[in-house]
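Chemist: Chain by chain, the residues run as shown.
Protein chains: 4
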Amino acid sequence: MIDDISIRYEDSFTDRKLTDPVLIEGLPGIGQVGKLVAEYMIHMLGAIKIGEIHAIYLPPQVILDEHGIARLPRNEIYLYRGAGQRDLLFLVGDFQSTSNEGHYLMADAYLDVAAELGVKRIYTLGGFGVGHLVNAPRVLGAANRTELIHEIEAAGVTFERDEPGGGIIGAAGLLLGMSGLRGIDGVCLMGETSGYLVDPMSAASVLAVLSKIIAVPVDPTQLNDRAAEMEKVVQGLLENERMQQDEELSYIG
Amino acid sequence: MIDDISIRYEDSFTDRKLTDPVLIEGLPGIGQVGKLVAEYMIHMLGAIKIGEIHAIYLPPQVILDEHGIARLPRNEIYLYRGAGQRDLLFLVGDFQSTSNEGHYLMADAYLDVAAELGVKRIYTLGGFGVGHLVNAPRVLGAANRTELIHEIEAAGVTFERDEPGGGIIGAAGLLLGMSGLRGIDGVCLMGETSGYLVDPMSAASVLAVLSKIIAVPVDPTQLNDRAAEMEKVVQGLLENERMQQDEELSYIG
Amino acid sequence: MIDDISIRYEDSFTDRKLTDPVLIEGLPGIGQVGKLVAEYMIHMLGAIKIGEIHAIYLPPQVILDEHGIARLPRNEIYLYRGAGQRDLLFLVGDFQSTSNEGHYLMADAYLDVAAELGVKRIYTLGGFGVGHLVNAPRVLGAANRTELIHEIEAAGVTFERDEPGGGIIGAAGLLLGMSGLRGIDGVCLMGETSGYLVDPMSAASVLAVLSKIIAVPVDPTQLNDRAAEMEKVVQGLLENERMQQDEELSYIG
Amino acid sequence: MIDDISIRYEDSFTDRKLTDPVLIEGLPGIGQVGKLVAEYMIHMLGAIKIGEIHAIYLPPQVILDEHGIARLPRNEIYLYRGAGQRDLLFLVGDFQSTSNEGHYLMADAYLDVAAELGVKRIYTLGGFGVGHLVNAPRVLGAANRTELIHEIEAAGVTFERDEPGGGIIGAAGLLLGMSGLRGIDGVCLMGETSGYLVDPMSAASVLAVLSKIIAVPVDPTQLNDRAAEMEKVVQGLLENERMQQDEELSYIG
Numbered sequence: 000m001i002d003d004i005s006i007r008y009e010d011s012f013t014d015r016k017l018t019d020p021v022l023i024e025g026l027p028g029i030g031q032v033g034k035l036v037a038e039y040m041i042h043m044l045g046a047i048k049i050g051e052i053h054a055i056y057l058p059p060q061v062i063l064d065e066h067g068i069a070r071l072p073r074n075e076i077y078l079y080r081g082a083g084q085r086d087l088l089f090l091v092g093d094f095q096s097t098s099n100e101g102h103y104l105m106a107d108a109y110l111d112v113a114a115e116l117g118v119k120r121i122y123t124l125g126g127f128g129v130g131h132l133v134n135a136p137r138v139l140g141a142a143n144r145t146e147l148i149h150e151i152e153a154a155g156v157t158f159e160r161d162e163p164g165g166g167i168i169g170a171a172g173l174l175l176g177m178s179g180l181r182g183i184d185g186v187c188l189m190g191e192t193s194g195y196l197v198d199p200m201s202a203a204s205v206l207a208v209l210s211k212i213i214a215v216p217v218d219p220t221q222l223n224d225r226a227a228e229m230e231k232v233v234q235g236l237l238e239n240e241r242m243q244q245d246e247e248l249s250y251i252g
Numbered sequence: 000m001i002d003d004i005s006i007r008y009e010d011s012f013t014d015r016k017l018t019d020p021v022l023i024e025g026l027p028g029i030g031q032v033g034k035l036v037a038e039y040m041i042h043m044l045g046a047i048k049i050g051e052i053h054a055i056y057l058p059p060q061v062i063l064d065e066h067g068i069a070r071l072p073r074n075e076i077y078l079y080r081g082a083g084q085r086d087l088l089f090l091v092g093d094f095q096s097t098s099n100e101g102h103y104l105m106a107d108a109y110l111d112v113a114a115e116l117g118v119k120r121i122y123t124l125g126g127f128g129v130g131h132l133v134n135a136p137r138v139l140g141a142a143n144r145t146e147l148i149h150e151i152e153a154a155g156v157t158f159e160r161d162e163p164g165g166g167i168i169g170a171a172g173l174l175l176g177m178s179g180l181r182g183i184d185g186v187c188l189m190g191e192t193s194g195y196l197v198d199p200m201s202a203a204s205v206l207a208v209l210s211k212i213i214a215v216p217v218d219p220t221q222l223n224d225r226a227a228e229m230e231k232v233v234q235g236l237l238e239n240e241r242m243q244q245d246e247e248l249s250y251i252g
Numbered sequence: 000m001i002d003d004i005s006i007r008y009e010d011s012f013t014d015r016k017l018t019d020p021v022l023i024e025g026l027p028g029i030g031q032v033g034k035l036v037a038e039y040m041i042h043m044l045g046a047i048k049i050g051e052i053h054a055i056y057l058p059p060q061v062i063l064d065e066h067g068i069a070r071l072p073r074n075e076i077y078l079y080r081g082a083g084q085r086d087l088l089f090l091v092g093d094f095q096s097t098s099n100e101g102h103y104l105m106a107d108a109y110l111d112v113a114a115e116l117g118v119k120r121i122y123t124l125g126g127f128g129v130g131h132l133v134n135a136p137r138v139l140g141a142a143n144r145t146e147l148i149h150e151i152e153a154a155g156v157t158f159e160r161d162e163p164g165g166g167i168i169g170a171a172g173l174l175l176g177m178s179g180l181r182g183i184d185g186v187c188l189m190g191e192t193s194g195y196l197v198d199p200m201s202a203a204s205v206l207a208v209l210s211k212i213i214a215v216p217v218d219p220t221q222l223n224d225r226a227a228e229m230e231k232v233v234q235g236l237l238e239n240e241r242m243q244q245d246e247e248l249s250y251i252g
Numbered sequence: 000m001i002d003d004i005s006i007r008y009e010d011s012f013t014d015r016k017l018t019d020p021v022l023i024e025g026l027p028g029i030g031q032v033g034k035l036v037a038e039y040m041i042h043m044l045g046a047i048k049i050g051e052i053h054a055i056y057l058p059p060q061v062i063l064d065e066h067g068i069a070r071l072p073r074n075e076i077y078l079y080r081g082a083g084q085r086d087l088l089f090l091v092g093d094f095q096s097t098s099n100e101g102h103y104l105m106a107d108a109y110l111d112v113a114a115e116l117g118v119k120r121i122y123t124l125g126g127f128g129v130g131h132l133v134n135a136p137r138v139l140g141a142a143n144r145t146e147l148i149h150e151i152e153a154a155g156v157t158f159e160r161d162e163p164g165g166g167i168i169g170a171a172g173l174l175l176g177m178s179g180l181r182g183i184d185g186v187c188l189m190g191e192t193s194g195y196l197v198d199p200m201s202a203a204s205v206l207a208v209l210s211k212i213i214a215v216p217v218d219p220t221q222l223n224d225r226a227a228e229m230e231k232v233v234q235g236l237l238e239n240e241r242m243q244q245d246e247e248l249s250y251i252g
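Residue numbers (numbering that gives the first Met the number 0), protein chains in the order written: chain A, 0 to 252; chain B, 0 to 252; chain C, 0 to 252; chain D, 0 to 252.
These are calculated hints, taken from the structure and not from any lab test. Where hints are given, some of them may not hold.
Claimed, not checked - To give an idea of the chain A side of the interface with chain B (calculated C-beta under 10 Å), a few residues: (1) N99; (2) L104; (3) A106; (4) L110; (5) H131; (6) R137; (7) A141; (8) N143; (9) A171; (10) G172; (11) L175; (12) G176.
Stated by the list, open to error - Here are the simulated DSBU-like cross-link-like pairs (lysine-lysine), alpha carbons at most 35 Å apart as the crow flies: (13) B/K48 x B/K16; (14) C/K48 x C/K16; (15) A/K48 x D/K119; (16) C/K119 x C/K211; (17) A/K119 x B/K48; (18) D/K48 x D/K16; (19) C/K211 x C/K16; (20) A/K211 x A/K16; (21) C/K231 x C/K119; (22) D/K16 x C/K119; (23) B/K16 x B/K119; (24) C/K48 x B/K119.
Stated by the list, open to error - Estimated spans, in silico, between C-beta atoms of each pair: (25) C/S5 x D/G83: 48 to 58 Å; (26) B/L237 x A/E230: 15 to 25 Å; (27) C/D224 x D/G235: 52 to 62 Å; (28) A/L248 x D/L236: 39 to 49 Å; (29) C/R241 x D/G235: 34 to 44 Å; (30) B/K119 x A/F12: 49 to 59 Å; (31) B/D2 x A/M0: 41 to 51 Å; (32) D/G235 x A/E228: 42 to 52 Å; (33) C/F94 x A/D19: 36 to 46 Å; (34) B/A227 x A/G130: 49 to 59 Å.
Each residue gets a CB set at the ideal place from its N, CA and C atoms; glycine is no exception.
My request is simple: use the sequences and hints to build the entire structure.
Modeler: This is the structure we're talking about:
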């Protein structure tokens, strides 16, 4: 019988001794901010895939590529070997859990991977939806231990919360809370975003901060370009809206 | 793998011999009445935390404090040692279960704690929503054994029910029903409340009655103050509404 | 830990040797028809309670009686000893399962009881909602074996179905289907009913047929009285409606 | 206790040695296209039933036939022995799973059957809803291995996807994705269909392609007849609509 959650490592992943690894989570979420950052880093650093996770808690469907090849929804683990420096693990994927309980069980499985590979710190990435367009998105932070806050603040992360009683939903939140119970440090970095659109500008803000914290330089040019394109699209939409309003007013006037 | 429900006691909780303990449940619910009462008692009596409960049935998120420190949603157990008198245990927390089945499983876990610590009686606290503002909220009662009713009535609890076929939903109800099957007495105290707002006035009524029943005096001043403040807020809202209606009438007139 | 479904027999139920027992299911459903019939038979025959079933699939609440005594939702099994004749078992209760899967698991538990007590035939009772008031409600039938149909038809049960592709949802249906897999005969009797109101008239029709089939006379007077009262209530409602329509027409005219 | 999913083979199915069998899945779905094709092939080839599958993930009800005989919802497996040629297995049934997790668990059970019977390739059949009436429905394809695509394309299946990021939901998709993990080839054939109506015309397109691929001729006459009838019904509906629109216009004019 199928396992509720199954983790498989690539056959090529034989040397599992990692150097001071951190895990960076960028699963789908608000504004796809975390996903954009993690996938961009994988792309720019040339991280390689070392494993994948399937689960009955993911949507019951397959995903087709442009050639018509189908595959199950999955989460993936990528590894960037830092050449003597710290190694980076990335957790990315198609979906998060479709059920409440599944969210917990999958986060626990991610932590099994983290523990097995010797991870001592996790960065979870996400968007912080503010409901309006944001020009210079700040990066808001959360952590599972007080000592982490000063370290993270120094990198330009904001810890004052507009909604103090607020929470972080899904993997980005649960990994933070559950890693604490296993003695793993957890930091969440959330880029401000409208929440309406895929937001590369917010992702660029998060990337800048994360890159600084982990001291791994990542050229942001392509992400900035994408942000600039998105900016043009958004400006176009706003311009259109203004013109329609003017037209309506001229009818009335 | 993660347990569906996990109970951990604090390391400091070594002396588990309690004196005739009762368990007081005040999880979130209608008007937050039970939560207000239990948390107020913990605060005023200086009860100390002895354990916490995590579960995959709680919402899949973390809760942030004002410093940006994240923690999993949880329920907590507090202990007040009555100095030779009866000890009090409190069950409070962030949320109740998100699923029907989880409600049963979590109530069962609470009863495991109660049984382990020698609890022979449980008081569950809640609000009884009446759909309109209540000036002098009564405290309605329910119990899992006929013999308990007279004892509780004597403390000023009303047992006539407006809706005789009605029920009590969630932990406050299930603990009552399930404790009976384990031979533990269960009493539910429900303060009348509109159901629309957090209701410290209703909580004050419940506190007065509970304090009398368990013969543990608790200074109600701060709760009464909060009720008075809330009363002012509500009066302000009502005043506003009246003024708007008058304005509308004067337009018509 | 709590069982997902638990069956307990009364301590007094020691002689478990039953004479050719049949099980009659009357859980809540459309028009409460099955529930009315089964509870009426229990009442009139003086059947005694021999067991009860609790489950995490029932709603997470307690039910209060008029004295404020709380109990868990449950299903109950009653026994009528037929004095040398066939014994009757009744399955009644507060609710059916709140989840799809729970419906299957609970029906399986009912069949465990049936098998343990030697039941060879099950009658499930219900309402067949037609969406309009019915004056002389027919009793529609379904069975899990062709041979049963002629026997049941002879008692005045209709087997032509208005909606041939239709189904029977919940315990009344599942018990029929699942008993077949265990070699137990299953017959479902459904009284036509509007589906809007508790329907003692439909229940009286079902009682008459069932009583005939199992050859156990049950005085229908009290149920007929209740049906007559309900009839008056319904006529009053219809009269009211007609008068309002007349009034509206006279305004227009 | 009941199994969550149970598979039973017919007693008559003793010779389980099959010749190069393929499994053809046609469970209910968009436009009932897959169901129509698979059931038509079973009918025309005279395939015989060799097993059935029950599950708590199917709707909690029974299905009545025109005589009032009730049976549980189920999926069925049929076998057509190809007389020395390839044998065909068919998976058809009443419903798919009611829950997300159940979809995965049931697909896994289907693959247990496939593996046990030596299946090396699975064809899943379905409709591809386009939201408007389709005159000459194309057959779109998906596969779980690149090598399969050329083979299938040669039979007239289209692999360019209008929505490249799209997916295939339910058994038709999951079987494709999950069979890959077991080393079984998987091909999905989807007939274009409006998605609003049962669509025998789309089914006829899929049948033509599938019949060619597996080199098993199936006389399409009866399915084409049904498609022609359906075509008449649809034309009648469209005609009606046009007439109503004309009427409305003539009122205005």
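Chemist: So does D/G235 sit 42 to 52 Å from A/E228, Cβ to Cβ?
Modeler: About 50 Å separates the Cβ atoms of D/G235 and A/E228, which means 42 to 52 Å holds.
Chemist: Holds or violated: 52 to 62 Å for the Cβ distance of C/D224 and D/G235?
Modeler: holds, 53 Å
Chemist: Hinted pair, alpha-carbon criterion (35 Å max): C/K48, B/K119. Please report holds or violated.
Modeler: Holds. C/K48 to B/K119 sits at ~28 Å (cutoff 35 Å).
Chemist: Interface hint check: A/G176, Cβ to nearest Cβ on chain B, cutoff 10 Å. Holds or violated?
Modeler: holds, 4 Å
Chemist: Check the hint pairing C/K119 with C/K211 against an upper bound of 35 Å on the C-alpha distance.
Modeler: Judged against 35 Å, a Cα distance of about 18 Å means the pair holds.
Chemist: Looking only at beta-carbon atoms, does the pair B/K119, A/F12 fall within the given range of 49 to 59 Å?
Modeler: holds, 56 Å
Chemist: Within 15 to 25 Å or not, the Cβ separation of B/L237 and A/E230?
Modeler: violated, 48 Å
Chemist: Are C/K48 and C/K16 close enough, with their CA atoms no more than 35 Å apart?
Modeler: holds, 16 Å
Chemist: Starting from C/K231, check that the Cα of C/K119 is at most 35 Å away, please.
Modeler: violated, 41 Å
Chemist: Was the hint right that A/H131 lines chain B, CB cutoff 10 Å?
Modeler: With a closest approach of 21 Å, the A/H131 hint is violated.
Chemist: Can we keep the A/L104 interface hint, with Cβ of chain B closer than 10 Å?
Modeler: holds, 6 Å
Chemist: Would you say the C-beta atoms of C/R241 and D/G235 sit inside 34 to 44 Å of each other?
Modeler: holds, 40 Å
In the structure shown, a violation is registered for the earlier hints numbered 5, 6, 21, 22, 26, 31, 33 and 34, in ascending order.
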